[in-house]
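Engineer: Listed in order, the protein sequences are those of chains A and B. Sequential numbering from 1 applies to the first sequence in the numbering used here. Sequential numbering from 1 applies to the second sequence in the numbering used here.
Heads up, some of the hints might be wrong.
What the hints assert, rightly or not - Which stretches of chain A does chain B cover? Using the computed rule of at least three CB atoms under 8 Å from a CB of chain B, they are:
| hint | stretch |
| --- | --- |
| 1 | 138-148 |
| 2 | 161-175 |
To be verified - Have a look at the derived ranges for each label pair, beta carbon to beta carbon:
| hint | chain 1 | residue 1 | chain 2 | residue 2 | range |
| --- | --- | --- | --- | --- | --- |
| 3 | B | Arg142 | A | Leu191 | 42 to 48 Å |
| 4 | B | Gly129 | A | Lys140 | 57 to 63 Å |
| 5 | A | Ala295 | B | Arg137 | 37 to 43 Å |
| 6 | A | Arg174 | B | Asn12 | 46 to 52 Å |
| 7 | B | Asp125 | A | Ser308 | 51 to 57 Å |
| 8 | A | Ser293 | B | Ile31 | 33 to 39 Å |
Derived from the structure by calculation, the hints contain no laboratory data. For every residue, glycine included, the Cβ atom is placed at its ideal position computed from N, Cα and C.
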Amino acid sequence: MSNRELPLNAGLRTRRVNVEYLSRVEGEGALFIDVVDGELVDLQLRIFEPPRFFEALLAGRSFTEAADITSRICGICPVAYMMSAVQAMESMLGCHPSENIRRLRRLLYCAEWLESHLLHIYLLHAPDFLGFDDALTMAKTHAEAVKRGLRMKKAGNDLVRLIGGREIHPINIRVGGFYTTPRAQALREHLDELKWARDAAAETVRWTAAFEFPDLQRDYEFVALRHEQEYPLNEGRICSNRGLDIPSSEFLEHFGEHQVAHSSALHAVRKATETAYYVGPLARYNLNRDHLSKATRELAATVGFDRSVNNPFQSIVVRALEVHEAFTEALRLIEEYEEPEHPAATYTVGGGIAIAGTEAPRGVLFHRYEVDEDGLIRHADIIPPTSQNQRTIEEDLAELVGNNLSLPQRELTWRCEQAVRNYDPCISCATHFLTLERRDGTTG
Amino acid sequence: MGPQAEIIALGNPWRRDDGVGPYLVRGLSEIISADRLHHVTGDLSDLFALFEKCHEVLLVDALDSATAKLKPGQVLRLTADDDRLAQCGSAASSHALTLPQTLALAKSLGCLPEHLEILAISGQDFGHGRELTPAVRRAADRLIGEIRRSEEATCPPRL
Numbered sequence: 001m002s003n004r005e006l007p008l009n010a011g012l013r014t015r016r017v018n019v020e021y022l023s024r025v026e027g028e029g030a031l032f033i034d035v036v037d038g039e040l041v042d043l044q045l046r047i048f049e050p051p052r053f054f055e056a057l058l059a060g061r062s063f064t065e066a067a068d069i070t071s072r073i074c075g076i077c078p079v080a081y082m083m084s085a086v087q088a089m090e091s092m093l094g095c096h097p098s099e100n101i102r103r104l105r106r107l108l109y110c111a112e113w114l115e116s117h118l119l120h121i122y123l124l125h126a127p128d129f130l131g132f133d134d135a136l137t138m139a140k141t142h143a144e145a146v147k148r149g150l151r152m153k154k155a156g157n158d159l160v161r162l163i164g165g166r167e168i169h170p171i172n173i174r175v176g177g178f179y180t181t182p183r184a185q186a187l188r189e190h191l192d193e194l195k196w197a198r199d200a201a202a203e204t205v206r207w208t209a210a211f212e213f214p215d216l217q218r219d220y221e222f223v224a225l226r227h228e229q230e231y232p233l234n235e236g237r238i239c240s241n242r243g244l245d246i247p248s249s250e251f252l253e254h255f256g257e258h259q260v261a262h263s264s265a266l267h268a269v270r271k272a273t274e275t276a277y278y279v280g281p282l283a284r285y286n287l288n289r290d291h292l293s294k295a296t297r298e299l300a301a302t303v304g305f306d307r308s309v310n311n312p313f314q315s316i317v318v319r320a321l322e323v324h325e326a327f328t329e330a331l332r333l334i335e336e337y338e339e340p341e342h343p344a345a346t347y348t349v350g351g352g353i354a355i356a357g358t359e360a361p362r363g364v365l366f367h368r369y370e371v372d373e374d375g376l377i378r379h380a381d382i383i384p385p386t387s388q389n390q391r392t393i394e395e396d397l398a399e400l401v402g403n404n405l406s407l408p409q410r411e412l413t414w415r416c417e418q419a420v421r422n423y424d425p426c427i428s429c430a431t432h433f434l435t436l437e438r439r440d441g442t443t444g
Numbered sequence: 001m002g003p004q005a006e007i008i009a010l011g012n013p014w015r016r017d018d019g020v021g022p023y024l025v026r027g028l029s030e031i032i033s034a035d036r037l038h039h040v041t042g043d044l045s046d047l048f049a050l051f052e053k054c055h056e057v058l059l060v061d062a063l064d065s066a067t068a069k070l071k072p073g074q075v076l077r078l079t080a081d082d083d084r085l086a087q088c089g090s091a092a093s094s095h096a097l098t099l100p101q102t103l104a105l106a107k108s109l110g111c112l113p114e115h116l117e118i119l120a121i122s123g124q125d126f127g128h129g130r131e132l133t134p135a136v137r138r139a140a141d142r143l144i145g146e147i148r149r150s151e152e153a154t155c156p157p158r159l
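Excised from the complex, chain A in its bound form:
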């Protein structure tokens, strides 16, 4: 809390926005903004959830355990952690899962996007646009919409359960592939529900596109994976709208992390310029729109979204378009599914540097491990999307507050919270770092 005393009745140009506990985000954070005489003097997205020490927990564990351990960082995007972890290890070992395994992983990742995006759209973010304090209140007058969202989310849950073993913290993923793979018939039993859900996703796009969006256009550096043919999930080079085009293995040469006093999550920046950047649905959409299915591109055009999107409040529509794409892609993958001959590719245990980035629902999730010749992890570095977006969120808020000083206090505070939720921040993901000081004086 700032010690600064603001004058009483100072007028609209001297304001304090103080949200001591952000709601409808995952984890524990707060927001503090001071404006004096129209000048922003303090702005802090405060993440006070304690560090969770996952990187330190990984030291000394087998490379085969990284997926299951890191999946516990997040209950809503565990598949993303598992995928980044196993693909990092496979890259190090020269292990190449079959095309059918690759497709099954893509299907599983689609299902996780569905779980995560639908929860955010219907239960966490839509209430902001429709003027409700929470989804419980919203459900009283928008019951059909909420029921639609919950049924769609269940379709995602069911797929994660079938492929991953359970809907939260799946247990069926391993280096090389899966422990067991589903029968084709078991997947095809979901086709009818998924077809309903794809249509419901189109309705979701129309529903969200009709919301009223606060005006905020920003010139972001968008960073996302880009694959040669596919909308990115598991694979691709790390690209930006400002010319970056690198393999994941070069991520740390271009992106750095800093500790700031008001957050227990590290802030990420572009190394060369020390500037913020944006990861997540808008970045994916703006860099990969050409790889969406024809159906999703046509749907986007009907709501005027066949363009780059630079208003972060419109991320809810882009999430809805990604939901449509995920259902469309899930249907295609199931219809074309062939049961893999082997559930996992083989490999020989070895050491080295293991690196991978995948597209978690909230954006690029980067993993890097140092593994010794016995297959034990010596060092782990995990950079989740929310920590990468922190500085961008603060910059959004600075511009938003500066542009909206005429708003009454309640509306300004509401708008600021809504702006934070544009990113669907997962604070619990972001607070896993640890700088460990050893007794020999080294750090790691």
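Use these hints to put chain B onto chain A, whose structure you have.
Structural biologist: Just chain B now, with coordinates in the frame of chain A:
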């Protein structure tokens, strides 16, 4: 609870007494058909789809004896708006609904079953493991017996 009630167990069978619901459902599987027995673990939002199809539901969950100030194995019979439901699981995440939140949302959505009874069984140990603690196991066995007798009184035994 009538003879056509659906029985929905909540809880994680790998976390000792949290698995009392699944234990109870397993114990009833010989006399109640599988399509009336359900187990929901993890994401409680899956309950909405079940509620849409059910007129009468018996929900079985564990609650923490320390928080509820109850003896292990004690059983509460609750309705959906009972304040004591708050002791059935805490909000570990804003990305997950608690049981009271789930029931409140179901009520807002108009999909709360017309007849809903919640059997909340006071658990003692929610650590890792498959075994129920003795008091909880005795309570669960007693409930299985009660439900079995009620079923047999209204339906002829399956041959």
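Engineer: Hints first: check each against the structure and report whether it holds.
Structural biologist: Status of each hint after checking the structure:
Taking a C-beta to C-beta cut-off of 8 Å, the stretch 138-148 of chain A contributes 5 residues in contact with chain B, enough for the three needed, and the coverage statement holds. Proximity of the stretch 161-175 of chain A to chain B, defined as three or more residues with a beta carbon under 8 Å from a beta carbon of that chain, is established by the 4 residues found. One distance hint, 42 to 48 Å for the beta-carbon pair Arg142/B and Leu191/A, holds here, with the actual separation near 44 Å. The supplied range of 57 to 63 Å is broken by Gly129/B and Lys140/A, whose beta-carbon atoms lie about 42 Å from each other.
The hinted window of 37 to 43 Å between Ala295/A and Arg137/B is violated, with their beta carbons roughly 53 Å apart. Distance hint check for Arg174/A and Asn12/B: the Cβ-Cβ separation is about 22 Å, which falls outside the suggested range of 46 to 52 Å. Taking the beta carbon of each, Asp125/B and Ser308/A are about 55 Å apart, inside 51 to 57 Å as hinted. About 49 Å separates the C-beta atoms of Ser293/A and Ile31/B, a value inconsistent with the hinted range of 33 to 39 Å.
Comparing the model with each earlier hint shows violations of hints 4, 5, 6 and 8; every other hint is respected.
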